[in-house]
Amino acid sequence: MKTSLDRHSGGSLLLQSTRTKRRNAAETRFKLYGIAAIAISLLMLMVLLTTIISKGLGAYQQTFITLQVELLEKKLDKKGNRNLTDIKKVSTFGYAPLIKASITDTVEELGVVTGLKAKQMAGILSKGAAAQLRDYVIANPGRIGDTVQFRFLASSRVDGYLKGRVSRSSIENDKNITPEQLDLVDSLIDAGLIEKTFNIDFIVGADASDQRPEAAGMGVSILGSLSMVLVVLALALPIGVGASIYLEEFAPKNWVTDVIEVNISNLAAVPSIVFGILGLAVFINYMHLPMSAPLVGGLVLTLMTLPTIIISTRAALSAVPPSIRDAALGVGASPMQTVFHHVLPLAAPGILTGTIIGLAQALGETAPLLLIGMVGFVASNAPDSIASGLLSPNSAMPAQIYEWAKRADPAFYERAWGGIILLLLFLVSMNLVAVILRRRFERRW
Amino acid sequence: MNDMTLTERNVDTKDIKIAASNVQVHYGETHAIKDVNVSIEDKTVTAFIGPSGCGKSTFLRCLNRMNDTIQTCSIKGKILLDGEDIYDKRVDVVQLRAKVGMVFQKPNPFPKSIYDNVAYGPKIHGLARGKSELDEIVEKALRRAAIWEEVKDRLNAPGTGLSGGQQQRLCIARAVATEPEVLLMDEPCSALDPIATAQVEELIDELRQRFSVVIVTHSMQQAARVSQKTAFFHLGSLVEFGETGQIFTNPNDPRTESYITGRIG
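Taken in order, these protein sequences are the chains called G and W. Each residue of the first sequence is one higher than the one before, counting from 6 in the working numbering. Each residue of the second sequence is one higher than the one before, counting from 22 in the working numbering.
Chain G on its own, in the form it takes in the complex (with noise of 0.2 Å):
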């Protein structure tokens, strides 16, 4: 009869027994486990990056049309007096001819032949080139008379056409571009008049009307979201840290401060939707503070963020030995030298990433956002779009993006992927500079 000790003894070393066997197999499987979730997630960041950057890089190109306008003087200023109000008084209806003429000259200069007239060939270019045009001769009056080159935008449909997204036959069905049209096109094109080339004006452009899908850009949102994190971090920061300094530090330990405890881990666990319907009912109506304003949208987004910069500053307090504290107690330092000298220092590090974090996170948000109506309409470039500050309407990254992706246009869709990359790059940025702030103030003791 065999005892527990025989089982060991008498076995080679050299051969596994079968309970080791199991167990190798068992730690080998288990790698493997992990191996694949790796491999998994690592894949489907894969197809999300390339998804993203397949559909969205189209809407960093933009197609120009250059052509040569003459700025008729009896069309434009019909006094001949250049004077500003006078020029005013035109409208952009008025210099749509100018652009009409300009077009079917380029066209028989070029010898193309077309049966398209010349409202029909205008209509390759942005429902806003009259409105560029009108807005450089404001600004240049003495311009008027001369014949002056301009980089119209190409509509959406011929934008679509340079990227492979219009094709004849997908425009079977559609009232705003013809075949003849897309011949044209192909004339100017090889006339060297038609290229695609990187818009700027993506990034620091205005939203523009649905009719002109090419012309809008992120810019005004950027500013928004940007003055958004900006009211975060002056309100957030200083009220999370100072809340959770105050519990981790000095509050004394009992129901009260559980029950805070308790309800704050709660808060950072709350959908944010429920902070934007929150914002819409204390902010706006009853506080009766501006619709659409970052100043909203910035105290809403606070609300977001507060619980996971206190969760984050008060794990980073905790984290600083106990010691720092006997030490610095120890040589008669009172509790808020203690703190100001030794802890806040030490805990720096843990602050300032979980800020940041939290930061990010607001920068992403979107649902409370819609709640308070961010989600501003800003036709206007900066500066005139923020002109007015933090009371004015404005956007958001996240809520433009949504819009975008709710309009008919497939143009728009492209426009919504591109601002998710710019979307991307702002997050991917402010977590480098949270590794690096952490990296440069960690200090060991």
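Hint data in this document are derived by calculation from the structure and do not stem from the laboratory. Cβ atoms here follow ideal geometry from the backbone N, Cα and C, with glycine treated the same way. One or more of the hints may lead you astray.
What the hints assert, rightly or not - In silico DSS-like links for lysine-lysine, alpha-carbon gap of 25 Å or less:
| id | chain 1 | residue 1 | chain 2 | residue 2 |
| --- | --- | --- | --- | --- |
| 1 | G | LYS94 | G | LYS105 |
| 2 | W | LYS110 | W | LYS127 |
| 3 | W | LYS97 | G | LYS258 |
| 4 | G | LYS84 | G | LYS105 |
| 5 | G | LYS258 | W | LYS110 |
| 6 | G | LYS105 | G | LYS201 |
What the hints assert, rightly or not - Coverage of chain G stretches by chain W, computed from C-beta distances (three or more under 8 Å per stretch; other residues unrestricted):
| id | region |
| --- | --- |
| 7 | 271-285 |
| 8 | 345-356 |
Once you've looked at the hints, dock chain W against the given chain G.
Relative to the frame of chain G, chain W by itself:
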């Protein structure tokens, strides 16, 4: 100092620096210190010995109110420093701790430069009027802690980069820089090697010239080597308190004898 000469050691009668009477400490439900009466003399090294958990560290931390930071801790009884009750409502703990300095079990220098470690106390207490005066204080403290020669060329190096023994001496320098009247040491050598221990013990003997030193130690040899008075704690009570020579050679209480001969603890 030699253990053999303990009995012949001459102990002068000195002024009482700290007088504790009927001290009771509770941690929540636990009765940690039971009715302790002890008088600590000026310019004397008093050692607290006893088995782990006997309350000697707790009692030490009562002497500069470090237990205030522990919420569940309640203290009854009287502790007089120069005749003044340190638990009086009017007493400011900051001023108390400037008078009663402390060195901890684990060396705990601030993660700052050696200079800043020592200069911190004088700075917050406003002991120096200018940079040169502060420099003097720092040098004096480091010399007293017998570490000046080792660090004088790298005062701006981080204090955490020193060896364990150097760190502990740095902590002692930090504690003496504020010119305390009493220095409490909570097992200051437990994390040190024998050489560093010898250096710290030598230092304690020198510090006795100016301060009243109270040291908690697990090592009975250390207590015998450095102290003039010894208090033996057991299960929260002060069992015996007297001249070190008498405690180690001729204890009155059988429990003391059992402990120093290694039968309990």
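Each hint tested on the structure:
no.: 1; hint: LYS94(G) <-> LYS105(G); in the structure: holds (20 Å)
no.: 2; hint: LYS110(W) <-> LYS127(W); in the structure: violated (31 Å)
no.: 3; hint: LYS97(W) <-> LYS258(G); in the structure: holds (21 Å)
no.: 4; hint: LYS84(G) <-> LYS105(G); in the structure: holds (23 Å)
no.: 5; hint: LYS258(G) <-> LYS110(W); in the structure: holds (22 Å)
no.: 6; hint: LYS105(G) <-> LYS201(G); in the structure: holds (22 Å)
no.: 7; hint: 271-285; in the structure: violated (count 0)
no.: 8; hint: 345-356; in the structure: holds (count 3)
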